[in-house]
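Could you build the full structure based on these sequences and the hints that come with them?
Just so you know, the protein sequences line up as chains A and B, in that order. Just so we're aligned, residue 462 is where the first sequence starts under this note's numbering, counting upward by one. Just so we're aligned, residue 27 is where the second sequence starts under this note's numbering, counting upward by one.
Be aware that one or more of the hints could be misleading.
Pairwise CB distance ranges, derived in the manner of DEER restraints [as the list claims (entries may be wrong)]:
1. A/L558 - B/A35: 36 to 42 Å
2. B/I55 - A/L562: 49 to 55 Å
3. B/N140 - A/L557: 50 to 56 Å
4. B/S45 - A/R525: 37 to 43 Å
5. A/S477 - B/R235: 27 to 33 Å
6. A/S553 - B/G161: 42 to 48 Å
Hints were generated in silico from the structure; no laboratory data involved. Predicted, not measured: the structure shown is a model, and the values here were computed from it. All C-beta atoms in this analysis are idealised placements derived from N, C-alpha and C, irrespective of residue type, glycine included.
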Amino acid sequence: MSRSNTEIDAAARVPSWISEASALLAKDIRAELRTKTAVSAVGVFSFASLLLVALATETLKEVRTVSMLRLPDIVTLTALEAQMRPAWDSPSKMGLLWVLLCFAAFAGLSH
Amino acid sequence: MAESSVSVALEGISHRFGSRSVLVDISLIVCAGQVGVVMGANGSGKSTLLKIAAGLLRPESGKVAFTLESKPVEPMLHRRCIGYVSPDLRLYHELTGVENLEFFGRLRGLRLNNDGLRDILDRVGLLGRGRELVGNYSSGMRQRLKYAYALLGSPPILLLDEPTANLDTEGVAMVERVIAGQRSRSGGGLAIIATNEPREEAWGDMSVRLNGSK
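So this is what it looks like as structure tokens:
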């Protein structure tokens, strides 16, 4: 039995997941380059997020916070001052960044 | 090749959506060279039965068995044996017809060359229109492209849900040619059609009439 070049052997090896993933990636990149739907959705989300975060955290720059867990049993003013740190510090920014990245990914994913 | 080299057996298929039973103990066996027709009113479960046959939906009870070259096919390989045309099938509108076919071909492990693509587009009447975006296609052209997708790899089993939806007279003739080609497919081929059209019922060698819910 001769097979045309479009004929498939149903019992043949199933394409590897790498092959399938690369086909999906190529398709998504091609579609995205053509429509820019996800980029525009994520772009608007990113801009809006940065703007909102900047406005919402404006006053936090002046605020200092302290972790109650790190305080000794007997709290003195010195101990309290030693534990004080800016409310809007690196860990807070990192946490917020991950949250924003997560939502941005979901915004893009839906397209 | 033996006459019964390929077959589809749906045995005691039952399915419900919530509290509503859509399919109750439905059985159908279609062998090589045959066309089975599933008839029934809207909502009677025709498309559901085809989805179950295609492995897109798991039945509540019952079994779907394929044989190829007279050997049982592993359920994991069922999808590689079928070509599926359905209103539910979504094509990528932002890609051209050819790009859609190349993409689906790659997922099926096929590397399509220009001759192969030209051949398959010619079969469905889209020759010369393959480089256009699917978003610019008419509904009839999209239906034809679904046939091109279904015919990729010349699968031994065709599942056709509302096979002539949106098609003009030439399109219907194309479907008839596809079905005739499936009957005489080298190595054995069969088709199962879900339809309401009496004209399409006449294409079948056997039919199952679904009476809907309980």
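Task: Hint check against the structure, violated hint numbers in rising order - done: 1, 4, 5
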